[in-house]
Amino acid sequence: MIDFSQLDKVIHEKGRLAIMSLLAARPEWRFQDLKTELSMSDGNLVTHLRTLHKAGYVSLTKEHDGRPQTSYALTDRGREAFLGYVAVLESIVQKHKPS
Amino acid sequence: MDPLHAASENLRIIRQLMERATVYRAVSGPTAFVAGLAAILAAVSGTYHWWDTGGLRTPFFETWMAVLALVAFFNALLLWRGARLRGEALFTQGFRLAMRALLPPLAVAFVFSLIWQAHGGDDHWSACLWISGYGLALLATRDFAPRSIVRLGGAFLIAGLVLALARHGDFAILGKLSSHAAMALTFGLFHLLYAACVPWKIGEAARQFSGNQSA
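Chains Z and L, in that order, are what the protein sequence lines are. Here the first sequence is numbered in this note's numbering, starting from 1 and rising by one per residue. Here the second sequence is numbered in this note's numbering, starting from 1001 and rising by one per residue.
One or more of the hints may lead you astray.
Stated by the list, open to error - One-sided and incomplete, this derived list gives chain Z residues near chain L with beta-carbon spacing under 10 angstroms: (1) V10; (2) R26; (3) R30; (4) G43; (5) V46; (6) T47; (7) V88.
Hints were generated in silico from the structure; no laboratory data involved. For glycine and all other residues, C-beta sits at the position ideal for the given N, C-alpha and C.
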């Protein structure tokens, strides 16, 4: 039986997993682009990003390019956690694959 | 949901999101410039038969296949150079993703035009097939391509369809365009316009070519 406690609880949530996947694919995402890509409400996205930021997985940069803009990126710790999460999923698939 | 399905589903979601987020420019500024220039030169020489001496003609199909080979070679050189500079593999995830999107429409256009030409068909329809096929190929990269590529694809698709309809209806000047002129107008002019609008640094183009995914 697989020990699901191995899975990172911060990432193992649908919304946060989607955010982490996008952040892992591009160096930086603006808040508006993340919102459009994931079709999330402002409140929902802010809550998830705050959780990821608190865990040290995501860094944010505030800019004033005519209007205030916040961009998000994965930290080294976040990238490591994401890769670890994917590795656990892959091991689950491997172990349960019919031989 | 059992563990296998749950894990597989999560991995599928991750892969899908990461692929969607990958930025890949299938046509860089330098490649577009070379393609545009080569297309115009080929169209001019094809139209006026500059090297047509002693009855030697410049057949439409062979001429444009030579242009394709030249541009593909230049593109491969750019990719190889970019990959070497970054110390990366030539075939990145972005490259494979782009090929999966680009090849089916291009293969359809190529095979149909080959058969059409083999049966002695009018060159103009081959040109329309290539133009709209190329447009469809670029549009197929819309999930991971910059907006400029999607616009270029849309322009090719519309031009291909308009040229075909104009020819069919013998409509004004468009209906009387030679096949070489149709190719120059699209593969030549569109690419040159595109080259004027996108980043021109070879390094930047090479970086975009290989995609920038890092996980």
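Verification of the supplied hints:
1. V10: violated, 14 angstroms
2. R26: holds, 5 angstroms
3. R30: Check failed: Cβ of R30 (chain Z) comes no nearer than 13 angstroms to chain L, outside 10 angstroms.
4. G43: violated, 21 angstroms
5. V46: For V46 (chain Z), the interface hint is violated, since the closest Cβ of chain L sits about 19 angstroms away, which is over 10 angstroms.
6. T47: Violated - the Cβ of T47 (chain Z) stays beyond 10 angstroms from chain L, reaching only about 19 angstroms at its closest.
7. V88: holds, 8 angstroms
Hints 1, 3, 4, 5, 6, counting from the list given before, are not met by this structure.
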